[in-house]
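K.L.:
Spelled out from the first residue to the last, the chains are:
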Amino acid sequence: MSDRRRLAALLPAIVAAAVLAVIVRAVWSLPPEAEGLSVAVSRVAAESGIDNKITVVLLDLRGYDTLLEVAVLMLATVAVLSLREDRDALYRRISERAAPVLAALTRLLVPLALVVAVHLVWVGAVRPGGAFQAGAVLGAAGILLALSGYARPQWVGRGAMRSALAVGLLTFLGIAMLSIVAGGELLEYPEQSRKTLILVIEVLLTLSIGASLVSLFLSSASEGPKEAGR
Amino acid sequence: MSLLEHLPVLAIVVPLAGAAMAFVTGPRRSALECAATSVLTLVPVLLLAARVLDSGPQRYAVGGWGGPLGIVLLADGTAALFLVLIGIVGMAVTVYAAGYFPTPDEEHPGPGHGLFWTLWLFMWASLNALVLTADVFNVYVCLELVGLSAVALVTLTEGAEALRAGMRYLFASILGAMTYLLGVSLLYASTGLLDMEMLSSALKTPSVASSTGLALMIAALLLKTALVPMHFWLPTAHAAAPSPVSAALSALVVKGSFFVVLRLMLDVMPPGHLGGADTLLGVFGAAAIVWGSVQALVQTRLKLLVAYSTVAQVGYLFLVFPLAGAGGAVLSSAFLGTGVHALSHGLAKASMFLAAGVVLKRFGHDRIADLAGVARRAPVLAATFALAGVTMMGLPPSGGFAAKWLIAGASITSGDWWWAAVVVAGGLLAAAYMFRLLATFMASPGDAPEPAAPLRVVRTEWVPLALATASFLLVFAVPVVTQLAEAGSVLARVGGVAP
Amino acid sequence: MTVWLPVLLPAIGGVLTFAMGESRSRSRVAINLGAAAASVAVVIGLTVDAYAGRVATSTVAMLPGIGLTLSSDLLGLLFAAVATVLWGVTLVYAFGYMSHAEDRARFFGFFALCIASANGVALADDLVSFFLFYEVLSLATYPLVVHSGTGEALAAGRRYLYYALGGGSALLVGVVWLTVLAGPVSFAPGGAIAHVAAQAWELRAIFGLLVAGLGVKAALVPLHRWLPGAMVAPAPVSALLHAVAVVKAGAFGMVRLVNEVYGPELATSLGVAAPLAALAAATILFGSVVALRQDDIKARLAYSTVAQLSYITLGVALCSPLAAAGAVAHLAHHAVMKITMFFTAGSLAETHHVKRVSALDGVGRLMPITMASFTVAALGLAGIPPLAGFFSKWLLGIGAVEGGQAWAALLYVTSGALAVGYMAPIVLRAVRPSASERVEGPESDLVLLWPIVAVALLTVLFGVLAGVPGSPVEWAARAVAPSFVGWTP
Amino acid sequence: MNPATLYPLAGAFLFATGVYGLLARKHLLHKVISGNFLGSGVFLVLIGLAGRSSAESPDPVPQAMVLTGIVVTVALTALALALIKRYHTATGLTTFDPVDEEQL
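Chains as they are written, first to last, in the numbering used here: chain A, 1 to 230; chain B, 1 to 499; chain C, 1 to 489; chain D, 1 to 104.
One chain only, chain A, in its complex shape:
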């Protein structure tokens, strides 16, 4: 091992140690107690009547963060879609592999998954849950359908799937803009229709997140390395 390589191996360790030292020193210096914004958030939560303070932060106080986060997810999906190997043969192989047992299981699980997803969306307003969790369940159902041959993997990138992927972000944006039309600022929900609007966003987000996960899964199908053994 040359000196250069040895140095190259040592450098990451030095950097990591330095980072560790810097963080530890900073953490150590912090006072043991700090309120942060918790009191202020509690006050707002009490006024708005939503118990889950994290939900208040995510959807109301910092709803704009969440809007951009939805954009991040859609963007990542689009990015992965742009990288996919689009070959019918590839998709056919996925469907053909479907085993009867899997198909039976799918028939059983998918309806259940749908119910769970709906439930998760609904309770999101009061308890842990919401669009991301529901979307994950929905996505799992979608993947099952594709693997068992009930849904065709070629649909990745087709019109309906694209619409499903985008509808969450578009709805979120639309409702955000709606509050402007109603005379408020962006994402300032009108008081009377607040709950309904948030529910609409959550439902359609669930659909988009589910579609995202299915797309992510299916678009990473490949035929393996072209030059195997290199």
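Warning: the hint list may mix true and false statements.
[Claimed, not checked] Derived list of chain B stretches under chain A, where covered just means 3 residues or more per stretch with a C-beta under 8 Å from a C-beta of chain A:
(1) 50-64
(2) 68-79
(3) 129-138
(4) 142-156
(5) 180-188
(6) 199-210
[Stated by the list, open to error] Residues from chain B that face chain C, not an exhaustive set, calculated with beta carbons under 10 Å:
(7) 332
(8) 373
(9) 396
(10) 406
(11) 428
(12) 475
(13) 476
(14) 478
(15) 479
Simulated from the structure, these hints should not be mistaken for lab results.
None of these values were measured; they are calculated from a predicted model.
Backbone N, C-alpha and C define an ideal beta-carbon position, used for all residues, glycine too.
Here the structure of chain A is known, so what remains is to put chains B, C and D in place on it, guided by the hints.
P.N.:
Structure of chains B, C and D alone, referenced to chain A:
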């Protein structure tokens, strides 16, 4: 409440919705959709800039909350300047890309299954969002949006080289984003605040944790801005990307993270609490100017030359920090110079990458040694490189000259004349690598047959020429830039630009 | 507004020339000649106004507190007139000379841009505006130097850039520094910075930087080395740019610097004028002596230019009114004389492929009119009355004596003798009977011949009519008079 | 040593491990996992520091930041994996440099 007050969000929401719509409409119609969105994005940006010029900084409390609980968008003069840069280059990229990428059909939807347009609008939206936000955590989300779209756009080029470059870029991006977020968490733990303007007053009494947090955030942003010695990921990524993407990356993306550095260093951090950080950034900047230029000088590929030139030109942006400490006229002159440099380099660098794309398409390669005779065969391309080159060298009447004049003036006024020496040396080095290229263009082409290129590709060469001309004549736009800079929070503090 | 036209008209002409492309040569001729004629008309109009005391000034906002300002003062107009009038004449010559060359759109486009920036240099009202046009001029010349695209041309271009950009950097630092100390510096006859509170060493250092920057174009030794190399450019470029517009921009800058930035008094009291004068004197001797030994005609002319440019620099560095007037007059006189010679050299190369002094034998018989014109210019350069060169040298010499610096007068005389030394062989060889079989061959093509005769005639007219209002001598005296309090021509 | 410092310190350690892995490890999947270490480290710091609130429940703002951060990290990981897969298909490599490939 008039619609004009919502201009900041329109500048973000319109391209974001446009991105989603372009995805839904599919590859064949998305170019048209993107063009329409580009226009609709540019309009609020220009109106916003006019409004800032007219009535000063605009604050927008998203959700009606405002700080410290909510997120505030701040469109001051500095932000407006960067928005305008993003808008102009963005529009150019859209127009250029329409001619650059082949017309999509069923068989060939274009690179990345025709998803360029969606990804590009995502990038535009996230850059606008990044520049407008005044919330340190929201910056993190915007940085991730920018990084994701950038990596995806780089890998639209087929082949292992682009994938490798894209992955390097992605890993650098992940390291940067996570370090930034770590910094935010320490800063929040120490102050309980995320809003930049509120942080600015809270930080008048800094603590170990808040200083560490800010240092981590800035270090992360330096990685994203590719300041030497953290530039390793930039040249390959910018060179491997499709040319319209290279233009956006070099002209806009590095400026986006630099903008946040500017905000943090000059707005959020109280003056006088920078420690040695300001000098250190200046030294890195000087090193970048020298190292980037020397690397550009030895490159054999056109796009790599242009990419290393970005590494060098980014260095100039950081000379403002050691000068800022002097305050008053020195700060105002250096700050204005930095703004002008960001604008002029953005225009010129975009034009160079776009022109390099046409070179690639027309001549089938970008080996500098084999580009003799470009001045005769493709005079528009040669003119583009010449005009943009004048900006790189900082010769009049380009924006680069105005920037150098202002920064060198600030440096001499402050007594720290060595920054002026760096600026002058950087101009000479830029002349060396640009004239190496231009001399090749001027050389006799020999007898090699002229390659034929489709007319729609050749026509795209007017877009970079327009950008290059704008950067060449930018000194005459400095009065407007000055007005914008004076509407920025930094110069408002020192009472504007002294004549 | 009119004051912008001498810059804008050639610039627009240049851009249109680019835009029209290579093939449309008729439109190219029309546009360039049109722009030249219009520019000449505008400069004449401005001059008439300036003689009547009406000086136009116009500013476009630029950097904070600094505008791009042009002003039609007599001194600037003299240079602008020389550049613009000779541009028109050279265009005629160049259309003939370049009729079969490649890349003509590029050539004439940059040619026009050079004149636009030379006019900018001439009319700039302040140091920053001057610097701006000076640098544009540097850049616009490069494509003309490397026009042929050969290795030799590219190498000459590279050397030109080293000097031009290095000098430009020195100039930039000097101008920034001075602006930081004194604020924006507008040219003012008699000096603009006498009131500035600054250390003497700072002002001396700045003077040094500015001289280094201007000295490149003015070809002061040791910054002259790019000039002979740049002769690889096509003849019209050598004629107009490397004898008139570009190099005179440097010499003209010296006039502005000494007379209108520092002012003769401050330049003398700071002790910066004397070293400049010494450097210019050395350059005169050096250029003249080296010219003696050049066999290549264009190289000989180039070294002659090196020497003659320093006539101007020395004249202004003597800080005496008559010498300054002589210097400014020489700016015009040398222009017409040297352009005649370069036209001739171009025609010799084009018509008979003669490029060396040693190959000139007998050419004078084939091209009597061309060589007669050359002879007029050569006599003028040597300072033979009543040709143009005599009067500027006379003023320079008298001024030197009046300023108590008789050594400079002696130098001018010596250098005149040396000029005879390097010009005489060209004329004598041309009229000598040919040893070879060169007995017949054409005179210069008409389109080349007319410009040669025209500029040679100017050499005569400038001399014969030296006392008439509007002649370079009288114009120059008026132009420098305000710099010297209490002196009237 | 209370939870309010234990979690952040553990987070710091995770983060440093991630930094080391991202810089030192050659295999691309190792790099991705290191990237996730970075994320987990930051989230631990955030959660731990949120616990310093004296109110009945921890500060919700850092918790919301963590939730957002998780989604972003998922998105980044997805793209990284897709890139690696595509790269592997194109070149058969699992590292940037074929030289490292042989050493693994």
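K.L.:
Run every hint past the structure and note whether it holds.
P.N.:
Taking the hints in turn, this is what the structure says about them:
1. 50-64: Since 5 is at least three, the answer is holds.
2. 68-79: That given contact holds, which follows from 4 residues of the region 68-79 of chain B lying within Cβ reach (below 8 Å) of chain A.
3. 129-138: It holds: at least three residues are needed, and the region 129-138 of chain B offers 3 whose Cβ sits within less than 8 Å of chain A.
4. 142-156: holds (count 9)
5. 180-188: holds (count 3)
6. 199-210: holds (count 3)
7. 332: Cβ of residue 332/B sits 8 Å from chain C, so the hint holds.
8. 373: 7 Å, holds
9. 396: 4 Å, holds
10. 406: 7 Å, holds
11. 428: 6 Å, holds
12. 475: 5 Å, holds
13. 476: Holds. Min distance 6 Å.
14. 478: Holds, because the Cβ-Cβ distance from residue 478/B to chain C comes to roughly 6 Å (cut-off 10 Å).
15. 479: 4 Å, holds
Hint compliance for this structure: no hint is broken.
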